[in-house]
Amino acid sequence: MFLLKQFIKPFFLPPWPWLFLLVLVFLFWKRPWARKLYGFTLLLVIALHSGIVGYWLGYPLESQYKPLLDPRTMGKYDAIVVLTSSIVPAEGLIPFTSLDHAMFRRCEEALRLYQIQPRPIIVSGGHVNPLTPDRNENQIPRDYLAKWGVPKEHLIGEANSRDTFESAVQVQKILKQKGWKRYLLVTSAEHMPRSMLVFSAKAPEPIPAPGDFTIAKWQLGPNEFYPNINVARGIYYSLHEYLGLLNYHWRLHFSKES
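Just so we're aligned, residue 32 is where the sequence shown starts under the working numbering, counting upward by one.
Honestly, the hints are just simulated from the structure, not real lab data. Careful: at least some of the hints might be erroneous.
Unchecked claim - As a list, the in silico SDA-like pairs of lysine to any residue whose alpha-carbon atoms are at most 25 Å apart:
(1) K233 <-> E197
(2) K233 <-> P98
(3) K97 <-> I246
(4) K209 <-> I147
(5) K233 <-> L206
(6) K207 <-> P149
(7) K248 <-> N259
(8) K40 <-> N261
(9) K248 <-> G265
(10) K178 <-> E189
(11) K233 <-> I205
(12) K212 <-> L186
(13) K212 <-> G188
(14) K178 <-> P149
(15) K183 <-> I118
(16) K183 <-> N169
(17) K178 <-> S117
(18) K207 <-> D194
(19) K204 <-> V159
(20) K107 <-> E236
Sequences are here, hints too, so could you generate the full structure?
Okay, here's the thing in structure tokens:
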């Protein structure tokens with residue numbers, strides 16, 4: 032099921048949808064409706080590269096949970112759980128392995144929370160793509176946290192999960208084993224709604240502690256109407272989250288996992 036999901040998912044995200052539309056237009060170009068579909072496809076491409084659409088899609092995700100500036104206001108909790116994103120492997124011209132932007136920001140937020148009130152940090156997430164070699168994705172962020180001053184005895188790795196849903200299941204096993212209950216859940220702000228959905232169901236009681244916010248103050252200007260590759264990247268991740276929310280609602284409804 033996981034492999035099927037990984038295979039199908041890209042076809043619902045840019046650029047595949049409009050490539051399918053363009054192929055459809057090419058095959059039926061002589062039909063009157065095909066030219067209208069071509070115009071619709073062009074508008075879709077422009078819209079999915081514009082700042083207005085990017086803000087409209089991203090804001091509802093990132094605004095659901097506010098940053099946890101002082102975790103001491105949340106009362107007693109037992110651990111900090113940070114979800115992995117990705118790493119940049121040492122290959123080609125890249126001299127050493129590092130964290131990608133989202134993972135760096137998540138670790139940065141986990142460190143900030145730890146420095147205010149030290150608690151064991153569970154780093155959850157392992158190797159995702161079975162068609163690529165395992166690059167020790169879980170160990171790298173733990174190494175960074177250790178370099179930044181977190182004692183190794185306060186770092187717990189959970190490398191068996193391949194997505195956020197599996198992370199919730201695996202983290203619950205660790206919490207149960209340790210006798211822990213309440214914990215701070217650290218991930219990107221855009222990813223937090225999906226994470227809270229599944230963690231609340233599978234590993235209660237999470238306390239949302241989002242980091243990696245990307246939505247700045249909205250200022251409408253001419254540039255917001257022009258196609259922009261950076262905006263398109265953000266829109267891609269927003270659409271990914273909305274698809275993930277639909278998928279997790281479905282999985283939680285039909286899941287028989289404990």
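Which hint numbers does the structure go against, in order from smallest to largest? none
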